[in-house]
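2 protein chains.
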Amino acid sequence: MQPMKLGQLQTPCLVLDEAKLEGNAARMREHLDKLGVRLRLHVKTAKSIDVARRVLRSPDNPITVSTLKEAEYFFSHGLRDILYAVGLAPNKLEHVTQLRSRGAQLSVILDNVEVARSVAARARATKDRIPVLIEIDCDGHRSGIVPGDPALLEIGRTLNEGGCELRGVMTHAGDSYNKDTVDGIKAMAAQERDAVVNSAKALRAAGLLCPVVSVGSTPTATYAEDLTGVTEVRAGVFVFFDLVMAGLNVCAVDDIAASVLGSVIGHQRDKGWIIVDAGWMAMSRDRGTAKQKIDQGYGIVCDARGEPYPELIMADANQEHGILALRPGARGPLPDLPVGTLVRILPNHACATGAQHSAYQVVRGKSDEIRATWSRISGW
Amino acid sequence: MQPMKLGQLQTPCLVLDEAKLEGNAARMREHLDKLGVRLRLHVKTAKSIDVARRVLRSPDNPITVSTLKEAEYFFSHGLRDILYAVGLAPNKLEHVTQLRSRGAQLSVILDNVEVARSVAARARATKDRIPVLIEIDCDGHRSGIVPGDPALLEIGRTLNEGGCELRGVMTHAGDSYNKDTVDGIKAMAAQERDAVVNSAKALRAAGLLCPVVSVGSTPTATYAEDLTGVTEVRAGVFVFFDLVMAGLNVCAVDDIAASVLGSVIGHQRDKGWIIVDAGWMAMSRDRGTAKQKIDQGYGIVCDARGEPYPELIMADANQEHGILALRPGARGPLPDLPVGTLVRILPNHACATGAQHSAYQVVRGKSDEIRATWSRISGW
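Here the protein sequences come in this chain order: Y and D.
Here my numbering is used: the first residue of the first sequence is 2, the next is one more, and so on.
Here my numbering is used: the first residue of the second sequence is 2, the next is one more, and so on.
Hints in this document: simulated from the structure, not taken from any laboratory.
Everything numeric in this text was worked out from a predicted model, so none of it was measured.
The beta carbon of each residue, even a glycine, is placed where N, CA and C say it ideally should be.
One side of the interface only, derived from the structure: several residues of chain Y facing chain D at Cβ under 10 Å:
| no. | residue |
| --- | --- |
| 1 | G88 |
| 2 | L89 |
| 3 | E115 |
No more than 27 Å apart at the CA atoms, straight line, and that leaves these computed lysine-lysine pairs for BS3-like:
| no. | chain 1 | residue 1 | chain 2 | residue 2 |
| --- | --- | --- | --- | --- |
| 4 | D | K35 | D | K202 |
| 5 | D | K70 | Y | K6 |
| 6 | Y | K272 | Y | K294 |
| 7 | D | K93 | Y | K367 |
| 8 | D | K70 | Y | K70 |
| 9 | D | K6 | Y | K70 |
| 10 | Y | K35 | Y | K187 |
| 11 | D | K6 | Y | K93 |
| 12 | D | K292 | Y | K272 |
| 13 | Y | K202 | Y | K35 |
| 14 | D | K35 | D | K187 |
| 15 | D | K272 | Y | K292 |
| 16 | Y | K292 | D | K294 |
| 17 | Y | K294 | D | K292 |
Some, not all, of what chain Y presents toward chain D, calculated at C-beta under 7 Å:
| no. | residue |
| --- | --- |
| 18 | P91 |
| 19 | D112 |
| 20 | D287 |
| 21 | V340 |
This is chain Y alone, in the form it adopts within the complex (with noise of 0.2 Å):
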């Protein structure tokens, strides 16, 4: 049978070039082993054990999810040792006990007293050690324990005695992706680290272990320069990257592996407009590059090959229809995309944009041939 090609899909579709899947994939564990710490695969960006198999090095590395469906899903394809790095609500505590009681070397995270009562409470009725990181606060974008509370020793405490294992302490520097410099994102990596550095170091001068130290977003991953103390990160949009990467400069416009394949449906030349059959059901609704230097609408619009047209975006978007047009200020001309012209869309947020869609099709380079079609999860 002869291999099917970009053209033969109906759009709009997930579009996945696998060459620089495996290009960002490398680069990625080349640094971090030079910072001498572990990779922990955030999985919640691709949600796909293919995605996964190509980033891994083998299935005993550790992972991190968003969701226990992800969890799940990694672990009947035979990852074990996965964080769930959302903090748990109580309402999910005995799936945890179902996932570890089938051998899913299941840790969770938390930040407050009254959850670590409720795990060390299940972890006494189930005889179950069951691991723990406390969520350290490092940039004030979200949850965890800023440092220097007492309450990271009462948590501490509260656990260790209470019958579960603490594993350590782990935070995320949500905050990088608003920083406008690398050296801005470089003084970021450097106070992620020192919060749960130093959160570790004040569990150990209590006599409680910390044997995991970890940090993770991928614009501080990627600009990190000394990781001393750190034990592992955790980074996930790396294996895609998307515009507001690029934006950051924490990546370079090609090397965004995903895009959304559309057909070119009709034109409103007196507006300068091309319409095309993927909307914001296709992209999702992020406008994450909307406050970043270069606004870039719904995304970038390439050829059918992934190469972009000069100043042509997504300027805006309907439910199934996506408006583009020239970039405002831009001269022009437009582009001649007559009805039926196949376009690829690079997206503001591969996290929000993959979440859309149930299936990557993948192509290698500039090739038109579908090599293979992965299947992603979602939900919860």
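We have chain Y; now place chain D onto it with these hints.
Frame of chain Y, contents of chain D only:
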């Protein structure tokens, strides 16, 4: 077996109040009955046969779809009269033909001669008079032929002489979402009507048949006062409504039937933040109220019975974290919601939030009993 309660669900998940759905459906049907037009329900909001059955009076009622996957799904559940209301891409013609050959009364739309020629060629090749509506641009917001453009007659003749069935004209007043007064929406409803009624007249004056004259948007459908000459109204969001519609005075906040159930997982008390396990993955990235008079963030926060907490919104969101806070300028106090508390968050945009979920947990009014779980579809 005891029925399940809200408190037994794993969060986040999508909750649907069946009583509100029924009320919203009854009001719209009654209004359109008075105006003497039939409803062609747009199923892109709910994407669920169970929801459609509670809105339609009979399986013979017509529907509108935004994807051919919706057409497949609803046809498989016995609905036959289906309008695919996104300009046809040539790569979907084969799928259209397949669906029609299996008995679906599927019609399509287009706004240019190139696609008209493709559809006509397919009609001749398959000896199937594919029914086509010509899309009219009533408000400059997206696709369609501008009223008065001679292309209308050229397309009409191409279809008619080429072997298709010229079924009629259709338009969508998407710009009604940008009107900030009810009078503005009423004027838009008249403008939407006039655009298609006049286009139908132009086709008929040229000797072409134009039996169907179709308009549609939830705001204009709600406030239309006179639809003389119009034969059908397409609308979908009204089944659930949302905060964007409430901001347009198209519904009350209390009419909103769909909400996201989340659990409190922590606090940042110094900042006045409550952290929940429902983030943008559960709410979608839609920020449709950002441009309205009242910005609702990622949604209004209610208790588990659906009663809003005064001034509490989801102020920010990460992938699986929502940050709840008082609205800017609100005096407080912040409600005391301990870890584990269930909240329900009303969405900005029902179509976008629905798309993040695979099922509805159905409740009725203030009861916490899960009466049913209705699945929904996604993708293309």
